[in-house]
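Colleague: My request is simple: use the sequences and hints to build the entire structure.
So the sequences go chain by chain: A and B. As numbered in this note's numbering, residues 1 to 345 make up the first sequence, in order. As numbered in this note's numbering, residues 346 to 588 make up the second sequence, in order.
Heads up, a few of these hints could be off.
Said to hold, decoys possible - Just the calculated beta-carbon pair ranges, DEER-fashion:
1) B:A413 with A:P95: 41 to 47 Å
2) A:R230 with B:F574: 38 to 44 Å
3) A:P50 with B:A371: 43 to 49 Å
4) A:L61 with B:P461: 24 to 30 Å
5) B:A545 with A:P95: 42 to 48 Å
6) A:I200 with B:A424: 18 to 24 Å
7) B:Q544 with A:R90: 48 to 54 Å
8) A:E304 with B:E583: 49 to 55 Å
9) A:E304 with B:R384: 30 to 36 Å
Simulated from the structure, these hints should not be mistaken for lab results. Every residue, glycine too, gets a C-beta built ideally from N, C-alpha and C.
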Amino acid sequence: MMASLIVHQPGLYTTVQDAGRYGHQRFGVPLAGALDLESFWLANALVGNPWNDAALEVRMLGPVLEVCADAVRLALTGTKCPLKIARAGREERVPAYQGITVERGAMVTVPPLTDSANAYLAVSGGLAVPPILGSASTLTRAGFGGIDGRALASGDVLHLHDDCEPDGPDLQLRDDVLALNGRIRVVLGPQLDYFSSASIDTFLQTDWEISNDADRMGIRLVGPQLEHTRGFNIASDGIATGSIQVPGSGQPIILLADRQTTGGYPKIATVISTDLPLLGRARPGERLRFESVSADRAIELRRERWARLRHNVARATPVLAERAINMDALQGENLVSGVWSSGDD
Amino acid sequence: MTTEPKFLPLGDTALTVEFAETIDRATNARVIGLDAGLRDAAIDGVIESVPTFRSLTIHFNPITLDHATLTARVTVLLAHPFDAISMERTWRIPVCYDGDYAPDLSDVAEQSGLDPLAVVERHAQQPYFVYMIGFLPGLPYLGDLPKELDLPRRKNPRVRVPPGSVAIAAGLSTIYPYESPGGWHLIGRTPVSLFSHLQAPPSLLAPGDTVHFEPVDRAEFARLESLEFDQLKSLCLEPEGTA
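Modeller: This is the structure:
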């Protein structure tokens, strides 16, 4: 029998995502992919997958899944809420950032997220989803990718790869969730000349509130009205994930993974890639303040963060380590080789 | 004389090379030229590039590339314009300008001081240039519209524009590949699919292509609508050298 997870409850908006669909923006195809790429990578690392394997992105309310495989390893990241596993008449709570091997018949519940908007559930071997334009990511607006281009529904069967049986002990990572501390770093521009210097000051000195109008496409912020000096229409140009456009309302919109590829509103700034995962976790009602950094500094920060992530993954420890008398010998490179099999790509 | 382009960072993952702030063919030709040169150069760390009316946005991996290095490479490319073998294609896109397929035709006629038939004639009489693809998968920005048809966007944008709608606004024409909100004037409908995620490349049109609109009646529209993406594509694409 083919290994799978059966969806008993789909959750609020659970989608299959990978790192995104690259190479087709010139044809108007949005990237999609995990909103919090860092947590997505860590979830894959914990179950022994290459970093880009398809996993579930769970929004606010998680799914209930039944394991239909001899053994699979799961890991939840992007939240501190524990995974609930019911098996053999017992229910246990498994901390986030920890792998857990489960057997056929186990019921897995991702709890309602109380500390984050999005969490990631990875499965050893990855979800077996046919790639569309090179990616498994779900793009619901266009209706392709993932499971028929839509969020999960009750009764869906998520097929797993044949090689889903885990190797070695379950691993745990130091929980690396950065709480939204309210500071989001940006590189100003490219249409800075569409805003008065007073408006740029306001942009950088306001505690912006994340509105309820926040989804995979973008986050609308609420605060003082920013004023345009040269109107609010530009000849459409390219957008990056994290670009902050300001339409006629004067209220900024941060564009995220499902964003359009080009746009006709002036962009006051772009969130640096190091801080995009924070926006993936940010919930409506939270407040944030922007801090300007140079493009060069943004690149330094990205490289530092990437090195730190790799360092943390290399220091993953077996779950039983804390109970053992001397597990130091197991904590070297050898144990975790293969966890991060293509991290340099 | 051409102006020097501006190099504008979009955060730490992209660089926009901006040639102008306006929409014109000469500017767009520079964008398309640089895009071709950049792709040919296959610079390590460049993920993809997105040509628009007036600029080229280059997405890159900040772990291996940075703005200064990329700017230097692009500057060299600009100094030696890429001699691309022309890949431009010419398309004949059938459009039915009839009844409910053209809900804004009478409005456009009134605002432009023409009768509806004259609007259709003006729209279908000339070739259009594909400036860029964006907003929705496969959506082309086509120009330039005849002066008489240059109208601002609708005051009340529609929540739902049907797929295949042929529309005009702000000196340009477009075709909506998907149902979506939209503020342009709908003056016809095409049975041609502009995008298929199962095809490579997924978009029918590409920047630099030429498009002619060919009026068809409802019977012909229905016949064409029943064809597959591939069949329609080969019907619409003019053989090379006949344009």
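Colleague: State for each hint whether it applies.
Modeller: Outcome of the hint check:
no., hint, in the structure
1, B:A413 with A:P95: 41 to 47 Å, "43 Å, holds"
2, A:R230 with B:F574: 38 to 44 Å, "42 Å, holds"
3, A:P50 with B:A371: 43 to 49 Å, "46 Å, holds"
4, A:L61 with B:P461: 24 to 30 Å, "52 Å, violated"
5, B:A545 with A:P95: 42 to 48 Å, "43 Å, holds"
6, A:I200 with B:A424: 18 to 24 Å, "34 Å, violated"
7, B:Q544 with A:R90: 48 to 54 Å, "51 Å, holds"
8, A:E304 with B:E583: 49 to 55 Å, "53 Å, holds"
9, A:E304 with B:R384: 30 to 36 Å, "31 Å, holds"
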